[in-house]
Amino acid sequence: MYDGTIVVLYTKPGLNRDAYFTQKSNYGLNLQIGNLPSNLRIVDYAHGLTGLAHDASAFEHTAAAKHTDWFFKGNEFAWVNSAYPDLSIVWGL
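Residue 35 in my numbering sits at position 35 of the sequence shown; the count goes up by one each step and never skips.
Hint data in this document are derived by calculation from the structure and do not stem from the laboratory.
What follows is a list of derived Cβ distance ranges for each label pair: (1) Asp18 to Glu60: 15 to 23 Å; (2) Arg17 to Phe77: 34 to 42 Å; (3) Trp79 to Val7: 16 to 24 Å; (4) Asn75 to Val7: 29 to 37 Å.
Bear in mind that the values here come from a model prediction, so they are computed numbers and not experimental data.
Virtual Cβ for every residue (Gly too), placed ideally from N, Cα, C.
The task is simple: from the sequences and hints, build the whole structure.
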């Protein structure tokens, strides 16, 4: 399963603050997490994108998106919500 969340910053960034401004009217960083549904173990992540970044953009920076053969064999896939791109490795909920 992949999903993104915003890590809210305590104060406004000094540089490029508009890029960190989120749709919920705060400043933050986008954190993308990939975990196993069976035990919730985190197996992949991407961090460092600004709060303005969409989950689909953040997903492109994960190892699963860059190196699908490392994570998925045969008919395996990742569960994602409808905000993610239509890739062969994802199955939308």
